[in-house]
Structures are given as C-alpha cells and as structure tokens.
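Asker: So the chains spell out like this:
There are 6 protein chains.
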Amino acid sequence: MRFSGRARNALRPVSIEPGFAHHAEGSVLIRMGNTEVICAATVENKVPPFLRNQGLGWVTAEYGMLPRSTHTRTNREAAKGKQSGRTQEIQRLIGRSLRAVVNRKLMGEMTITLDCDVINADGGTRCASITGAWVALHLAFDSLLQKKALQHHPITGQIAAVSCGLDTHGPLLDLDYQEDSSAATDANFILTADNRIVEIQMTAEEKPFSSTEMHSLLALAQEGTQSLFTYQNKALHAEKSRKTA
Amino acid sequence: MRFSGRARNALRPVSIEPGFAHHAEGSVLIRMGNTEVICAATVENKVPPFLRNQGLGWVTAEYGMLPRSTHTRTNREAAKGKQSGRTQEIQRLIGRSLRAVVNRKLMGEMTITLDCDVINADGGTRCASITGAWVALHLAFDSLLQKKALQHHPITGQIAAVSCGLDTHGPLLDLDYQEDSSAATDANFILTADNRIVEIQMTAEEKPFSSTEMHSLLALAQEGTQSLFTYQNKALHAEKSRKTA
Amino acid sequence: MRFSGRARNALRPVSIEPGFAHHAEGSVLIRMGNTEVICAATVENKVPPFLRNQGLGWVTAEYGMLPRSTHTRTNREAAKGKQSGRTQEIQRLIGRSLRAVVNRKLMGEMTITLDCDVINADGGTRCASITGAWVALHLAFDSLLQKKALQHHPITGQIAAVSCGLDTHGPLLDLDYQEDSSAATDANFILTADNRIVEIQMTAEEKPFSSTEMHSLLALAQEGTQSLFTYQNKALHAEKSRKTA
Amino acid sequence: MRFSGRARNALRPVSIEPGFAHHAEGSVLIRMGNTEVICAATVENKVPPFLRNQGLGWVTAEYGMLPRSTHTRTNREAAKGKQSGRTQEIQRLIGRSLRAVVNRKLMGEMTITLDCDVINADGGTRCASITGAWVALHLAFDSLLQKKALQHHPITGQIAAVSCGLDTHGPLLDLDYQEDSSAATDANFILTADNRIVEIQMTAEEKPFSSTEMHSLLALAQEGTQSLFTYQNKALHAEKSRKTA
Amino acid sequence: MRFSGRARNALRPVSIEPGFAHHAEGSVLIRMGNTEVICAATVENKVPPFLRNQGLGWVTAEYGMLPRSTHTRTNREAAKGKQSGRTQEIQRLIGRSLRAVVNRKLMGEMTITLDCDVINADGGTRCASITGAWVALHLAFDSLLQKKALQHHPITGQIAAVSCGLDTHGPLLDLDYQEDSSAATDANFILTADNRIVEIQMTAEEKPFSSTEMHSLLALAQEGTQSLFTYQNKALHAEKSRKTA
Amino acid sequence: MRFSGRARNALRPVSIEPGFAHHAEGSVLIRMGNTEVICAATVENKVPPFLRNQGLGWVTAEYGMLPRSTHTRTNREAAKGKQSGRTQEIQRLIGRSLRAVVNRKLMGEMTITLDCDVINADGGTRCASITGAWVALHLAFDSLLQKKALQHHPITGQIAAVSCGLDTHGPLLDLDYQEDSSAATDANFILTADNRIVEIQMTAEEKPFSSTEMHSLLALAQEGTQSLFTYQNKALHAEKSRKTA
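Residue numbers (the numbering used here), protein chains in the order written: chain A, 1 to 245; chain B, 1001 to 1245; chain C, 2001 to 2245; chain D, 3001 to 3245; chain E, 4001 to 4245; chain F, 5001 to 5245.
Treat each hint with caution, since some may be false.
[Claimed, not checked] Straight-line alpha carbon distances no greater than 20 Å define the calculated SDA-like cross-link-like pairs of lysine to any residue that follow:
| no. | chain 1 | residue 1 | chain 2 | residue 2 |
| --- | --- | --- | --- | --- |
| 1 | A | K207 | A | S181 |
| 2 | D | K3046 | D | G3108 |
| 3 | E | K4105 | E | Q4054 |
| 4 | B | K1207 | C | R2196 |
| 5 | C | K2082 | E | T4087 |
| 6 | B | K1105 | B | T1156 |
| 7 | A | K148 | A | L56 |
| 8 | A | K82 | D | G3081 |
| 9 | E | K4080 | C | S2084 |
| 10 | E | K4105 | E | G4095 |
| 11 | F | K5082 | D | G3081 |
| 12 | B | K1082 | C | A2079 |
| 13 | C | K2080 | E | G4095 |
Rather than coming from a laboratory, the hints here were simulated on the basis of the structure.
All chains, full assembly: derive it from the sequences and hints.
Answerer: Structure representation (structure tokens):
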C-alpha cells in the first residue's frame, strides 16, 4: 500500500483543462495529483538559423518552475542568470519527444515553442509537461488548419509520459515527490498510443537493477499511459466542442 | 464609453482566490479582468547580510511573467540570462511598498519573499501583484501567529494598487493592455485604506500633463482602491474560514 | 534650519559647464552641491530594431557611477557583470523623460544616447542627470542643425528635475545624501518650463503621506526647477557664444 | 557491413592509458576508435554545502570538448560564457552513474571530481567518458588507500558504457559519428560487470521503436561492455605494476 | 615634426590635480594632453581570501572608460555584462606595477584599490593611469600615516609610465591616439625614479624590430619619465600644503 | 645548478608532434618538459565584422587549460561563465604575435583560429603555445596551398617564444613552474629566426631590475629560441614527409 492509499499501478487523479493561457495558439493546464503545469504553444513564422531554407518546421520546448512551486522555495533562474542543468535536460527531452511524432515537412518553415511552466510541483513534472504539451501542440495545429495556414495535420502519433520507480516492494506507477525521493530506481517512459517507445530513461539512484525489473517497469508504464491517452483525447474534444459552440 | 463597455471609473471584474500555491506560507491567485497573477509568500529564517544582527525582518519581492502570458511570446528571462530593467523596477516597487506597511521589528530576523508571477497579462500586472501580494503576506503572518512563531501581527496598514490614465476624453480607471498602450499619461497609485499614499508614479508618455489632471487621477484611484480593500478582506476572511473549518 | 545652513526651499550651488566630454556631439558637467555628473550625447545614424523603417528617431540614456563616487566604494558594475536594478530604473527614467519633450519625427532615423556618469555623488544624482542631459541633448541637436543634418530643432519643451522630501519639520528641497537617508518621504519631480509635469515619483520610505503633503512637495519642486531652467539656458548660451567666437 | 568494415556487433579499437594527466590523483586517456578522452580525478577534502556534516563523500563530473575536437570547430564554452544543455546533461550523467557504484560512507567527507575532456570526437564521447572515468576514479581511490587516507575501497561495482543504435538493417554496436548521425534510434547503456543496469537512455530520433528492438539493443550492449571491462582491468593492472616497479 | 608641432622627444602638457574624487582616501585627475583619467584610492580593512592571516596587504586596480571618452562611443562594459580583455589586461598591469614599489608587510592586512577611470581618451590611457595612480596611492598612505593607522610609509619607490613608438622616422615619445594608430611598434615603459625598470611591454604591430631600436625606445622613455616624476612630486606637495593650510 | 640538474641556459626537453587534432587543418602537440599543449588551427571562410570587404585575412587565438592540467585543480572557465583576465591576456598575445609574421593580404578574407589547450602545465604555457601555434598555422597554410585555396604562402617570418627569469644567481632560461614562482623578474620573449623582436614582456615581480639585466635576459632568450626554430622545422618536415608518403 502507498502512503496515499493509491494502488501501486494507479495514476493520481488527472485533469487536462484546455485554454488556460488566453493568448497562446494552444494551451492546457494539466494536473496529475498535486502537480500542476501550464503548457502553452506559440507559433512563429521563422525557424532557427540551422534550418533556414529547408522547408522544414521546428518544434522546441522551454521548461520552468515558479519559485514557490516547490516545498521550499527554489531560487528563480532568471535572477540567478542561468538555467540549471536539470531545466535544460528536461526542456531538451520535451522538445525531442514531440518532434518524434511530428511531420516537420507538413509544417513548412514555422517554429512552435511549447512553454511548460510548473505552478505546483509534487513529482513527475517532466512527464506531466510532455503529456500536456502534446495536447497544446495538437490544439495549435488544429487552429492553424482551421485558419488554412496548414493543409494537413502534422501530428503523426500520440504520445504520453509517465514515471515509474522501484521501491523495496517492487514497481510503482506515477510517483509523487515523496515516493520519488525514496525510490531506488527512477524511470521515465514516453510511449505512443500504438504501443511503441519514443524515449526511455532509467536510472539506478542507489543500486543497479536487473533486466527483469526493467521489463516490469515498462509494462506498468504501458498500462498507465493508456489512461493518459484517454484524458488527452477528452481535452482535444472539449476544446473542439467549445470552439464550435 | 470604453471599448469593453465598462464605465470610465469602473474596475474590471476582480477575484482574489487564496491558497493557489500549495506549498507557500501564504498565497493567492488574483484576477483583474484578464490579468492573472499568482502571489506566493515564502518565510525564511534569515536576513540579507546588510541586516544581520539588527533584530529587523525583511520583506522583498520577485516578479516574473510566463513567456506566453503576453499577446506575442516574450523571451524567457531565465533563458536570456538576465532580468529586464522593467522586471527589476516592478519587483523593487512591490517590495518597497509592502515594507511601508510592515513593522519590521515585530518580525524579528526573518525574510518574507513575495513571488508575483503573471500567468496571463492584460495590463496592470504590477498593480495586481501589489494588491495580491499584500493578501499573501498577511496570510503568511497569520500562519506564523497561529504557530506562535510571532507574538504580534507585523502588518501596520492595508494597501492596494491601481493604475489610471489619461486619454483624449479624460481620466480612466484600471487600464487594460489596449487602453494602456494608447494613454497619453500612465499612473500607478499605491494607497492605504485610511486614505494615505504609499507610492505615486505618474509618467507622461506623450505630452506633459497639468497638476489639475494629476489631482483628478488621484481622486479616481482613491475611489478604485476602496473596492480592492473589500476584495482583499473577503479573501482573508475566506481563508480564515477554510482553516478553522 | 538644515545642517548645511541652507534654507529649506533653497537649491544647492548649481553649475552647468558645457563641452566637458571632448568627443561628444553635446556634453556638460553638471554640479549640484557635491554631486557631479558628466552628461554626454552621442549621435548615431541607426535606430533599434523595433523602430526600423518608421521614420522616427530614438532618445535613450545610460547611467553609471564611478566606483568611488560614493562615500564607501561601490563595486564596479562592469566587474560584477550586470547593472543593478537601481541603475536600470534610473536610466529608463532619464530616457523616458527626455523623449516626452522631443519630436521624434523631426529627428528622422537616428539615435541619441545620453551617457550620464556620476563622478561624485551626494544625493540627487538622477535629477542632476536629467537636468544636465537635457542640455547635452539640446547641444547635440544644435550641432546637427548647424551641420544641416536636421532641418528643424526636435526639442518641444524644456525639462529639469529636482528631488524633494519630508522630514519631521515638513518639506525640503534638493536633498543631499545625508538628508535623503533620513527623509520619511522621497520624491522626484520632472517638470517643464511651462509649468507642466513629465514625471512624478513619490515614495513613502517609512510611513504613508497625505495628499496635502503631496501638494506641498509639488509646489516646492515647481519653485526649485525655475532656477534650474535659468542655469540650463545660461549653459546653452555660453556654448553658443564659444562656438561663434 | 559497416562503412568501416567493422562487424555490426564489434567495438572499435579500444585503449585505456593510465597516468596521462600528470598532476591528477588518477587519470587515463581512453581511445575508442578516433574518439579520445582524458579522464582525470581530483580529490578535495570538502563536500558541497548540501552534504556538510553527514559523513558522506561526493563524486561529481565535468565534461568538455576542445573546440577543434569536432569536424568543424565548436565555439569554446568558456568564451560563450555558458555550458550548453548537452554538456550539462552529459556531466550529470557521468557523475550520477559513478555514484551508483560507490559507497559514499566509506569515502568520508571528500569530493572526487572527474574531468572528462574530449581531445578528439568521433561519436560515443559520453560512453567513453564513463568507461574511462570509472578507471580514473578507481585509481584515485587506490592511491588514497595506499596513503592510508582511506581504510576500505569505496568502489562497489564495475561499470562501463556503450552506445547502440538502429539503422535500416537492425541493431549496431558502438556507433561512430557518421553512424550516429544517420541512426533512427540512439541508445546509451551503462551496465555493470555482474550484468545489471545503472542507466538506460533510448531515444527515437525519427520514428518510435518497439520493445523487441529495445531488447535486442540491450543484448548487444551487454555483449559490448564485456570487452570494456577487460580493458578497464588491464589498465588498473598496468598502473599497479608501474607503481610497484 | 609631429602633426601637433611637438618635438619627437617631448611629452604632451601634463597636469596632476589632487583631490578630484571627494570621498576617496587619495585621488587625482591626471591630464596628458587630451587624455584625462581620474585615479581614486580606496582603503578597506580586509584582504582577498588567498592572503588571509599572512600579515600582508594588497594593492589592486580597476580600469574603465566612460562610453563617450572615445572618438566614437564605446559600448558600456556594465551593459555588455563583461569587461573586455583589454580592460582586464590594463588593470592587471596597473595593480602589478604598483605592488612592485610597495612594502606589503608595512601595510598590514588592508587592501587599497585604485580605480582609474578615463574621462577623455587620446592615447596613453594606461600610462596616465599608472602615473596618476601612484600619486593617489601615495596620498592614501599619507592620510593613513597621519591618522596613525600606519607606522611607516609602505612606498618603496617612485614609478611613472610613458608610451613610446616607432614610426618611419624613428622613435617618438608619448603617442597620442593618431600617432598610436599608425606606429609600427608600440611600447609601454614603467620606470623608477632611480633608473630601474618595473615593466616593459613592446609589441611589433606590423613588423619585427631590432634590439637597437629597443634600446633607443628605452632611452627615450627614461628621459620622458624624469619630467613625470617632477609632476608627481608637485602634486604630492600641493596636497600636503592644502591639508596643512 | 638548477633543482632539475639542467644548465642555467638550457631548454627543457622539447618535442613537437604534428597531427594530434585529427580534424584540424593543422595541429601539433608541443611538449617543453612537463608542459604539454595542443595547438590546433581552424580555417573558416569569413572574417570578423570590422574587417569585412577589405580583402584582408585574420589570425586569432584562444587559450584554455584543462582543469586538472595544474597541480591543484583549477575551476573550469566554462562552468564559471567567464574567461579570466590571464586567459584573455594570453590569447590576445598569441594572436597578436602570429599576425606580426603573416601577410594578411595574401590570405584573402579568411580567418584562422589557433586553439591552444594546455593538457599538462609546468610553467611556460604561453611560450609553448606560441611556438606550437606557429607550426600549426604553417601547416594549415601548407594544406591550403596544396588544395590551391591559396596562391602564395602568407607566412613572412618564423617566430618562437621562450621565458626567462632572474633569480638570486642571475638569468635563467625556460623556467618551470617551481622556478617561475620564485623568480624576482619574469620575462617572455617572442623572437624571429632572423634575430628580430616581435614582443617583449618583462615584469619585476618583487624588485625593479636594471637595463643591464634586461640585456642579459634578451641574450639568453635569443640563444634559447635558436633551438626552438630547429624543432619547429623538423616538425614541418615530418608532416610533409608523412603527407607525401
């Protein structure tokens, strides 16, 4: 049994609320338990220098935490004058995994930036960011299609992310901050709705793990992401209804 | 008549929702029309070096905007590696005006940092930050009193802030982004509930203004802040009810 | 009576010496008591990116203090790697108030930068900077007119700045460092020669002030700036005489 | 067949030469094909602030590339004034994976920093860094034991790292730069000599991969690291012989 | 003949005016032709970490140019966020050469910082800085002796600096900006009043020079510094007279 | 006698090994005793903005030390976010002295950057960098000539650099770290094969020196560089043989 009473293979309560950032071309507020992240997509008609004149679009991400999203206050990165290694690692991961399910030729020369800002943090912020950012990106493309700025939808697959871990009793799905701090192994899975893998990161925090343990974590993640795909689809649907209403 | 249909001396719809930042010692989400700011108070048992061993507390503030809180995306200050002059000016203003209504001897050697983070921006973000931060600061002191970490409440006055401007038809209360961009004069007033002044900033954006115009703007601000004091008190009351419930 | 023997409504001794920066298109050394600031105007045939191809000029300012202009040495901002919030606030104020009295269409696409560098500091450096910078800017335009680089003089008004404060005996004009440190309220007024207002900044350092006090400070500032306009005009005249000699 | 003629499951030629950094407490020059990395261990009798007075040691890493270690020159990070996200990601990975096989209680309060500097880059620099750093760390502990600065050897396991990828013909071991650029999936495995896993990072660069593919890559990596463990042991032995000679 | 009419072995007009920075423990405004530098000495009762508890003092320098001290405006280093290589090279030189004529044991654990800020630049700013800084440093020690904060004067020698160059007609003393830009060889000499050498920097800008040319430049510098020593002594004397008056 | 047994006028063992940086257009690993530096030349078809459209090439240098090239670890400049004054001074010196023996018109509009990275440091790293960089630059030009990218070889002279110092027994050639730390005077000479001077830097670390001492140091340096020219020529020859083999 977990401290929260949740089953070992259960997600925390999830909600994905579209339209939270009023000005963004697509946005959601995603909640996984007490973790809350605003994901906002911005469309700009330019590409980074290394992509110019190739007819390809770009999808990138930035990640941040409000200073008091955490248990004790974290210093503001803007005040310190640089983004931490952790921040950069996470935003590179978000951008990379979204690009794996986008046909960048269909985008033409535009950039979509996904800003993932953590309002409240309780573990799993990078996974919530990815799951939410996929919806925000989809909404941005939806709106470009509606405005005829695009001909075809560039999304080629549906992804969601979830963390898993190993404690002394075995595998655990969707760790909160407390569980994450005490897990011996920490893993993040970014999976597709058709059961393939976009990214796996597994780290032995304390002691090396076996390939059997690796398989059980992957199985748990596959189970968990199935629910997330449903929540994503509901959010897409809700926004469509709202717009056509 | 204003574009939004509002009367020239009317505030936008206001709400102040306490407890938005789960981990903070005091917090609110303040909304003034489409402007939304999270204000979170953090208590730390230390003071900056220049105050050590003087038995005085410190109140300070930091301000930030989510990159897509604005109409077009604003570059992330953490990524650029520095805070803009505007950001620093605003956060200095927030901290300074709160200190004017705090008895720092009663705090003892502790620091309270108010993080004001703009989720959605539509004009008047610095004023909303101050009005919300005063509530968050009050809640943080309330909780310190309840925990017996303080003997007496250090708040010595109630402040709220509102912007005013001059357009071709005269004075205007609580400008939204559109109105702010086209006003000839832009003013911010930080006033107390007992009708005194903590800070005035008036700027001729296009052409110098007269002292008569100055007076009419001040009168308008005094009227506007009266409502804000009521909203603040309701939020304080709501949180108290929630805690004792 | 003031510590220095000055009357409560008296300025410190003022002098404005043109031509101090040999290479600048316009420059002065302004002294207000022991406060000394070099103001130098630089003309460049380009505008910032956000103004390109609009037929408008730009006026901006930068502010700095020599490390030992202050009672105890202040760390060099170039060595620390960033400008303080105070520096940025002041230079934004200088640029903004000068732009309020310039017809930027008459400038065409050029930028004038006013460098205000404090050689010795004894209170009121931002006000001395503005009063001096207006002269330096005027001289730069004079020289552009003489060279036929401009057709019409873009200056639309005359501005000067002075600080006022409230101590326990009431209002006080043109505070020196000692007076500034102990004043309960601190105010800066940027006024025009035809009795209008360009910018007002009033701050309660210790306790909120009344609107009556606000009015008495404004009246004092209006009196003080009248003398400053005379000093500015003398400096403009002196430079003209020198050039035609 | 690979462009280089290598078998699909073959490592490039490997050498690990101890003692390359004369002043370091432990060091190697590791070569994997044309990839060459200097790994140097520095022992310091202090720990980072967050670890003080806990009786635990710290192992950390920094990573860098000489500007012309790459095909075209890469700008020097010291000149740009910051480390890239890639650099930070790699150095966090190196430090984290070494800590997984160190008993930090046995270290006492000391820090060992592994500097991994790439002299020539041809793919797989992070893996070469980890494989080499483990030897440099071991040598540093050896020398501390010999000087009686430690009682027991803190190393609890042997790790090595290797990259794998998927191209159109299937799995591929130890990718060079050319192969890495064209692989559809890119994976890094950090494995222990007793067949367990310390870290897995698998990324779909172009299209998502299946769990079957995941397994085949892991099997290939397990095969490849076996040779690396032998090279590491030879290097440790060579250094011991040299010292006792 | 030189463009200015000066003899090839003549200095430009020199003046050294003490007391320019009102708050500094010692200061001068030095003029060499149109080059003008404020040199201000600050005394602080602490030493850098690497010198703690050794009973030795420290003398260091910082150098800066006002943005419009130059023919065309130079960007402000504080705004750019870093000091140029040239700035750092010059301030290291000033500090190093002053330390060569100070007995740091006699200072005890104090630091004296010489701020050399160029108000107007017309070549030879580093030499003027050193010549002026020596006087400012001497004045600071004088005042410490008078206050009994020191027992013995720590200055062990008198230094002055002058630039020399080679043009197509041979050696040239004390180059102005125009001459400096076109000289084939550029040299800076820091010499003592008893005819010894503290630092020599000679650089072939265009073509290598001979040892004979080196000797003729040294001879010229020795001649030039003799006058500078006289100016320095007059300034020291003037300040003493003023203080005892 | 020196601690190492070397004669006072003897160089340490020297070797210059070409081709160390596989990707560079020209490179060497130079060893002077335990000092080891990789010098790598990069050719790019562009010039810095201040040289555009003038038909002139540019030669510049960057310098760095691996963190553990030194006796105790030096913090990584990339991690600190800036290059030290010493680093900038050295890289400016390397670039400047190479430009003195290059005909930049013959280069056309290209830039050659010499990266000098110290692998192991034991005194004299800037001199070793210059001596090695001249060979790397020559090799880069050789390869451009061979590819017909240049018509004429732009090198106009041969330079090498050596340090000298004065200890209590007199002049000393090619100081190692230990000797350098205790020398009273420290000098660096960059000389040409036809006996002329490109740069002299002589610094009294402790007490001023005489012009006689200056001459004896120059004579010693002239003797020392003669051997270095021979080593450089051998390296050029070796590389040529290897390429034509």
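Asker: The structure should be examined with respect to each hint, and the outcome stated for every one.
Answerer: Hints versus structure:
1. A:K207 - A:S181: 14 Å, holds
2. D:K3046 - D:G3108: Given that 20 Å is the threshold and the Cα spacing comes to 10 Å, the pair holds.
3. E:K4105 - E:Q4054: Satisfied, since the Cα-Cα distance of roughly 9 Å is no more than 20 Å.
4. B:K1207 - C:R2196: 9 Å, holds
5. C:K2082 - E:T4087: 16 Å, holds
6. B:K1105 - B:T1156: 12 Å, holds
7. A:K148 - A:L56: 18 Å, holds
8. A:K82 - D:G3081: 10 Å, holds
9. E:K4080 - C:S2084: Roughly 13 Å separates the two Cα atoms, so the pair holds.
10. E:K4105 - E:G4095: 17 Å, holds
11. F:K5082 - D:G3081: 5 Å, holds
12. B:K1082 - C:A2079: It holds: about 16 Å lies between the C-alpha atoms, which stays within 20 Å.
13. C:K2080 - E:G4095: Holds, because 18 Å separates the two Cα atoms, which is no more than 20 Å.
When each numbered hint is compared with the structure, no violation occurs for any of them.
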